[in-house]
Amino acid sequence: MSDWTLFEVFVRSKHGLNHRHVGSVHAADAAMALENARELYTRRSEGVSIWVVPSAQITASSPDEKEPLFDPSDDKVYRHATFYDLPKEVGHM
Amino acid sequence: MYAQLVDTGVKRVKGLDEMSPEERNFQEKIDAEIKIEPKNWMPEAYRRTLIRQMSQHAHSEIVGMLPEKNWLTRAPNLKRKLQLLAKIQDEAGHGLYLYSAMETLGADRDEEVAKLHSGEVKYSSIFNYPTRSWADMGTVGWLVDGAAIVNQVVLQRTSYGPYSRAMIRICKEESFHQRQGYQILLHMMREGTEEQKAMVQDSINRFWWPALMMFGPHDGDSPNSAQSMQWKIKRMSNDDLRQRFIDQTIPQLELLGCTVPDPDLKWNEERGHYDFGEIDWSEFYSVLKGNGPCNRDRLRTRRNAIENGAWVREAARVHAEKHNKADVA
Ligand SMILES: [Fe+2]
Ligand SMILES: [Fe+2]
Ligand SMILES: [Fe+2]
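Top line first, the protein sequences correspond to chains A and B.
Numbering-wise (this note's numbering), the first sequence opens with residue 1 and increments by one.
Numbering-wise (this note's numbering), the second sequence opens with residue 1 and increments by one.
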């Protein structure tokens with residue numbers, strides 16, 4: 001099995017929602033990965049669409065880069081709607 | 001449980017003040033209930049212990065299919081056969097979710113399966129008992145999956161993200177297993193002949209103690225528990241989980257109109273729990289060592305399955321290679 005490829009599996013649970021990562025499968029090729037993923041991750045009503053991607057093809061942010069990459073930009077308060085005070089008469093906006 | 005006696009390789013649990021900055025940072029995340037994800041720094045012993053625990057858990061799901069497949073071709077009717085088939089397929093899925101989660105730690109699935117086959121890594125003691133009658137399909141679903149659920153519900157909060165998410169998935173599917181099993185027994189007790197009712201009682205008599213052993217040794221005899229609890233890869237002690245299982249199972253037993261083979265079992269008003277007799281630990285350790293009624297048979301079946309499937313895996317690989325070349329050309 002080691003000479004098979006590891007694929008990451010993403011499932012769209014309902015129309016209108018994003019695909020979400022659910023796990024991985026081993027397969028000889030993408031078509032087989034799709035079949036295996038269907039059997040493994042959608043035996044009930046878990047999804048309406050599946051993506052499989054070779055794990056090696058995913059570039060992930062390294063956890064050490066945490067600060068610069070995921071800085072919440074708390075100094076950029078003007079990025080949030082709550083920054084903008086408006087008079088009550090404007091109503092919900 | 002599905003992973004009994006998981007060795008952490010740690011002699012003594014360290015306090016925060018004895019840890020390196022990395023270790024302390026890690027432990028503080030765990031204390032704050034922040035999940036550890038695959039690429040995060042983790043102590044080597046945490047990684048190794050998790051691989052051991054998750055591989056044992058996965059092997060148990062896989063080997064756990066064998067006692068049930070025994071009755072697949074002899075189910076009393078098509079409805080029961082389909083239900084059992086669906087349950088067994090779920091167990092295969094549980095094994096695969098767990099192998100997949102385990103691989104995020106850098107473990108190799110083939111290597112871990114080879115360790116199972118060589119006897120280096122165990123699976124739950126419960127699957128070394130034979131399933132002699134159709135009633136055993138009921139008892140296994142009710143008691144064995146029931147005990148597994150008690151353990152797995154708690155493991156949904158385990159500290160390692162991929163393990164926790166696999167547990168959440170598994171728990172969603174388990175309650176079907178237990179209800180399916182209990183309904184088999186209830187049906188036999190309510191609609192069955194005297195002989196069928198006796199079959200249910202006999203089955204419970206055989207599985208009761210082995211089911212209680214699933215939770216592992218007493219806390220005092222469980223040398224790795226303290227470290228596993230600190231890492232939150234174990235969240236409740238063996239004895240507490242066992243007590244919880246007994247407390248919720250006895251009312252269901254009474255509804256069936258059956259008994260368990262334990263003269264010491266009785267409700268303790270003061271404790272608010274059932275008291276129960278002592279487990280025969282020599283049996284537990286002997287089964288773990290490989291001397292249960294079915295150990296050799298289970299491993300032989302697993303080895304044959306992998307060996308006899310080798311040509312299929314090879315054919316799939318060659319087929320994929322051929323197509324890759326054709327696509328490039
Ligand atoms: Fe399971
Ligand atoms: Fe199970
Ligand atoms: Fe199950």
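Because the hints were derived from the structure by calculation, they are not lab data.
Note that CB positions come from ideal geometry on N, CA and C, so glycine has one too.
Watch out, some of these pointers could steer you wrong.
[What the hints assert, rightly or not] If the Cβ cut is set under 7 angstroms, some of the chain B residues that face chain A in the computed set are:
(1) P38
(2) K39
(3) P43
(4) S100
(5) Q196
(6) W311
(7) V312
(8) A316
(9) R317
[Stated by the list, open to error] In the EDC-like style, the derived pairs of lysine to aspartate or glutamate whose C-alpha atoms are separated by at most 20 angstroms in a straight line are:
(10) B/K115 to A/D3
(11) B/K322 to A/D3
(12) B/K69 to A/E39
(13) B/K172 to A/D3
(14) B/K325 to B/E314
(15) B/K325 to A/D29
(16) B/K172 to A/E39
Unsatisfied constraints (hint numbers, rising): Hints 1, 3, 5, 6, 7 and 13 are the ones this structure does not satisfy, whereas the remaining hints hold.
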